[in-house]
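Line order of the protein sequences matches chains A and B. Letter by letter, the first sequence follows residues 1 to 474 in UniProt numbering. Letter by letter, the second sequence follows residues 1 to 474 in UniProt numbering.
The hints are simulated quantities; they were obtained by calculation from the structure and are not laboratory data. All C-beta atoms in this analysis are idealised placements derived from N, C-alpha and C, irrespective of residue type, glycine included. It cannot be assumed that every hint is accurate.
Okay, the calculated beta carbon distance ranges per label pair [claimed, not checked]: (1) A:Lys133 <-> B:Asp62: 52 to 58 Å; (2) B:Phe456 <-> A:Val471: 21 to 27 Å; (3) A:Arg349 <-> B:Val138: 44 to 50 Å.
2 protein chains.
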Amino acid sequence: MSDVSARPVRVEPERVERVCEALSRVLSAGQLKRDEATLAAYARDESDSGVFPPDLVVFPEDTAQVSAIFKACVAHGVPYTPCGARTGKSGGSLPLCGGVAVSLERMNRIRSISVEDLTAVVEPGVVTGDLMKAVEAVGLFYPPDPNSWESCTLGGNVAENAGGPRALKYGVTRDYVIGLEWVLPDGEVVKVGRRTIKGVAGYDLVGLFVGSEGTLGVATEITLQLIPLPRKVLTALVVFPSVLDAARAVSAVLAAGLLPRCLELIDDVALRAVDGRGFQFPPGAGAAVIAEVDGHGAEGLFEELSRLGDICAQQGASQTLVAQDDSQREKLWAVRRVISPALRALKPRKVSEDIVVPRSRIPEVIERLKAMGEELGLTVATYGHAGDGNLHANILYEGPHQRPLVDEALRRMLVMTVELGGTITGEHGVGLAKREFLALEQQPALLELQRRLKAFFDPSGLLNPEKIFPVLKR
Amino acid sequence: MSDVSARPVRVEPERVERVCEALSRVLSAGQLKRDEATLAAYARDESDSGVFPPDLVVFPEDTAQVSAIFKACVAHGVPYTPCGARTGKSGGSLPLCGGVAVSLERMNRIRSISVEDLTAVVEPGVVTGDLMKAVEAVGLFYPPDPNSWESCTLGGNVAENAGGPRALKYGVTRDYVIGLEWVLPDGEVVKVGRRTIKGVAGYDLVGLFVGSEGTLGVATEITLQLIPLPRKVLTALVVFPSVLDAARAVSAVLAAGLLPRCLELIDDVALRAVDGRGFQFPPGAGAAVIAEVDGHGAEGLFEELSRLGDICAQQGASQTLVAQDDSQREKLWAVRRVISPALRALKPRKVSEDIVVPRSRIPEVIERLKAMGEELGLTVATYGHAGDGNLHANILYEGPHQRPLVDEALRRMLVMTVELGGTITGEHGVGLAKREFLALEQQPALLELQRRLKAFFDPSGLLNPEKIFPVLKR
Numbered sequence: 001m002s003d004v005s006a007r008p009v010r011v012e013p014e015r016v017e018r019v020c021e022a023l024s025r026v027l028s029a030g031q032l033k034r035d036e037a038t039l040a041a042y043a044r045d046e047s048d049s050g051v052f053p054p055d056l057v058v059f060p061e062d063t064a065q066v067s068a069i070f071k072a073c074v075a076h077g078v079p080y081t082p083c084g085a086r087t088g089k090s091g092g093s094l095p096l097c098g099g100v101a102v103s104l105e106r107m108n109r110i111r112s113i114s115v116e117d118l119t120a121v122v123e124p125g126v127v128t129g130d131l132m133k134a135v136e137a138v139g140l141f142y143p144p145d146p147n148s149w150e151s152c153t154l155g156g157n158v159a160e161n162a163g164g165p166r167a168l169k170y171g172v173t174r175d176y177v178i179g180l181e182w183v184l185p186d187g188e189v190v191k192v193g194r195r196t197i198k199g200v201a202g203y204d205l206v207g208l209f210v211g212s213e214g215t216l217g218v219a220t221e222i223t224l225q226l227i228p229l230p231r232k233v234l235t236a237l238v239v240f241p242s243v244l245d246a247a248r249a250v251s252a253v254l255a256a257g258l259l260p261r262c263l264e265l266i267d268d269v270a271l272r273a274v275d276g277r278g279f280q281f282p283p284g285a286g287a288a289v290i291a292e293v294d295g296h297g298a299e300g301l302f303e304e305l306s307r308l309g310d311i312c313a314q315q316g317a318s319q320t321l322v323a324q325d326d327s328q329r330e331k332l333w334a335v336r337r338v339i340s341p342a343l344r345a346l347k348p349r350k351v352s353e354d355i356v357v358p359r360s361r362i363p364e365v366i367e368r369l370k371a372m373g374e375e376l377g378l379t380v381a382t383y384g385h386a387g388d389g390n391l392h393a394n395i396l397y398e399g400p401h402q403r404p405l406v407d408e409a410l411r412r413m414l415v416m417t418v419e420l421g422g423t424i425t426g427e428h429g430v431g432l433a434k435r436e437f438l439a440l441e442q443q444p445a446l447l448e449l450q451r452r453l454k455a456f457f458d459p460s461g462l463l464n465p466e467k468i469f470p471v472l473k474r
Numbered sequence: 001m002s003d004v005s006a007r008p009v010r011v012e013p014e015r016v017e018r019v020c021e022a023l024s025r026v027l028s029a030g031q032l033k034r035d036e037a038t039l040a041a042y043a044r045d046e047s048d049s050g051v052f053p054p055d056l057v058v059f060p061e062d063t064a065q066v067s068a069i070f071k072a073c074v075a076h077g078v079p080y081t082p083c084g085a086r087t088g089k090s091g092g093s094l095p096l097c098g099g100v101a102v103s104l105e106r107m108n109r110i111r112s113i114s115v116e117d118l119t120a121v122v123e124p125g126v127v128t129g130d131l132m133k134a135v136e137a138v139g140l141f142y143p144p145d146p147n148s149w150e151s152c153t154l155g156g157n158v159a160e161n162a163g164g165p166r167a168l169k170y171g172v173t174r175d176y177v178i179g180l181e182w183v184l185p186d187g188e189v190v191k192v193g194r195r196t197i198k199g200v201a202g203y204d205l206v207g208l209f210v211g212s213e214g215t216l217g218v219a220t221e222i223t224l225q226l227i228p229l230p231r232k233v234l235t236a237l238v239v240f241p242s243v244l245d246a247a248r249a250v251s252a253v254l255a256a257g258l259l260p261r262c263l264e265l266i267d268d269v270a271l272r273a274v275d276g277r278g279f280q281f282p283p284g285a286g287a288a289v290i291a292e293v294d295g296h297g298a299e300g301l302f303e304e305l306s307r308l309g310d311i312c313a314q315q316g317a318s319q320t321l322v323a324q325d326d327s328q329r330e331k332l333w334a335v336r337r338v339i340s341p342a343l344r345a346l347k348p349r350k351v352s353e354d355i356v357v358p359r360s361r362i363p364e365v366i367e368r369l370k371a372m373g374e375e376l377g378l379t380v381a382t383y384g385h386a387g388d389g390n391l392h393a394n395i396l397y398e399g400p401h402q403r404p405l406v407d408e409a410l411r412r413m414l415v416m417t418v419e420l421g422g423t424i425t426g427e428h429g430v431g432l433a434k435r436e437f438l439a440l441e442q443q444p445a446l447l448e449l450q451r452r453l454k455a456f457f458d459p460s461g462l463l464n465p466e467k468i469f470p471v472l473k474r
């Protein structure tokens, strides 16, 4: 999605040298890297947004170092961009103008878990999956489960307000963040939020900072609310002849008052891509839904899953396969996880979208995406968190020569989403990938207000520059 | 809690006349009131924060009128303060400096309820209970249930980020607000947020605006997320010999992994006050907990409530009375609702606190509150949403001569709360009542950042002036 005309201006080398000298007085030798391999590694994320190498990468180990780095960058007029595990899908951590990449990955301690208070305090570099496992070991549950949970970090989850399949029932990252230690763009450190579950003292800056995509500062400590671990989970794979049947079933399940923790859709293209990779779909399968329910009483759950199966059958489901144990559950989820790599294997290139529509519009958006793909001659695979209307529509293509067509398809997809009352990003963020599309959804007065808010927090404009908002004419 | 030295300066009468003339060109005659009775009615709320009459009260009927009112007030240099049903507990809607009270109560239409999308769109003057009933009639559920739900409005709930007993399981107002039409202090109208359940496009201004206590603008349309109505609810009253036993039981229930939708504590003073008012407690009862569980399968719920009863018994509960039908449920909740008026009948005056501590600290805070009351010779009644650590500690007293002692008790209570890792307000807001205490909890840099943020949104400083933050020396 890189637009040459909007190519950002890189920082002057002399400034980089000066900030590097200043930082080498604050950091030890191993905390500052400039070798080619490191710069190349920090030049990309998991979006398809381009390659933007930083001029140096720093690895602070405590809050004071983060603060000192921010201050030095402002003092020397050098752009600085925080990053975590670089698993982002919207280019949020790419250092567009070069300068300093500030990696939080060495701040990776779980500072405390309180069973009595149902809270955890973590550093931003903690891998999400490591926290999940640590709290589950003491009977607690951290629900947000972005697909990259085995490698992404909680600081990145906070920056992007990450979601995941379980968001349907349990909400997203911001629903679990109650307090933050936050380094503002000028290096000042503030503690916002609280350590209690409830609280309304002062403005909700936690709410504003979570999801600010690394443009308003960075978290150096995160206080999370946890919940009791559900004692029982049941998982089923429901097979449908077509994706429209599956989409209608998702709507019908929710309209009937059921609230599974996940309702993941797999369309025909995705299903064919994964079929036979560790799991054999029954003949005639044209789409599938992975449904998962959880709770504390086993009886109620069987009842819930059985009602869900009945509703799906009424909508044309041919089969509901219920996992009988953990290894079967794992097998069903492996199907979901392998979709993205399996689609990549179908065609040389793939872009992944992250749209959300009101839940009643799920069947319609799927139908229109199919039609659009056919009209443009592109393969469109749609899967994802259909239960909350958040679909990952993927466009598969042959190579750069098809990119203009793909860009046209993306544009149409986002226009259609907004027409249907939806949003252009459900959980990946705007970052670089979608900044030119934000104006489809948000009115000029709102864009202007947010630009001014960014300038309020970051008057130098050096923190993670040129993200989220459409580039103004230079 | 009024401090004469900090008494706000009222706006000059000439300015009031000028804005009144300007507003009479925008509003019809019945939308602008200046009679004594109206001014007196809009001079107070349900806090004990003093009497501050506005110079006029306006009743806009649409967004354009709200915008025009804000613009006129800024143009003429007149303070303006939004209000709803004036059931606030922290003085948030009191027009401290006089000027214009902007009542949103005539904007009271439920614009839409979508069963398929699980959303509702309402105007700010809709009474919370009216929305609850309307969505329950179509099988949906709006969980936040502030005690005043029969009279408070959703606009007020948004301004204060209102909670309630069900917050324990279901969260507070902000967890259900997904979109807002918002009139900024200068009268500009922006649409923030979205109509979908999920979404991360741009900064989370919904998060910032909910709970901003009428100081950053006002909602003229609110889009709410709903959930399916739980099919089954079970309510029990658990009786304990002492409040410490009850507090320990609350902690033990949560530590055991149960998540009831409510766990309401009633201490000895509150219990004696309500005993015999429609409900007779068994002999020896020194405290009680109202526990409520909900879900979709009846079997699981009985199991959950029975485990809860067992845990309470281990902590010394003498009895668990389970409501057998809706009329018995209603009788138990009537006990909870009558606490506040019953305490008022015990002594001529009462102030109600709204503190939150980490859940593990509930027994300790209750013990320390009792001891403090004894030391100062004041009656302290503690009840409320113990499950999430949010306690309403009430101080009962004889009259104005005891007020200095009461103020000392309040100060000690808030200092203790912060020492225990808690917050000075769980759901009532800071407003006027607690603005001098915010500095106990929040560091100077954070207070300064928030003051600057207020000035960013409201450079004239005329919208709901002198709230939330400690008054600076004049």
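Hint check:
no.: 1; hint: A:Lys133 <-> B:Asp62: 52 to 58 Å; verdict: holds (53 Å)
no.: 2; hint: B:Phe456 <-> A:Val471: 21 to 27 Å; verdict: holds (23 Å)
no.: 3; hint: A:Arg349 <-> B:Val138: 44 to 50 Å; verdict: holds (46 Å)
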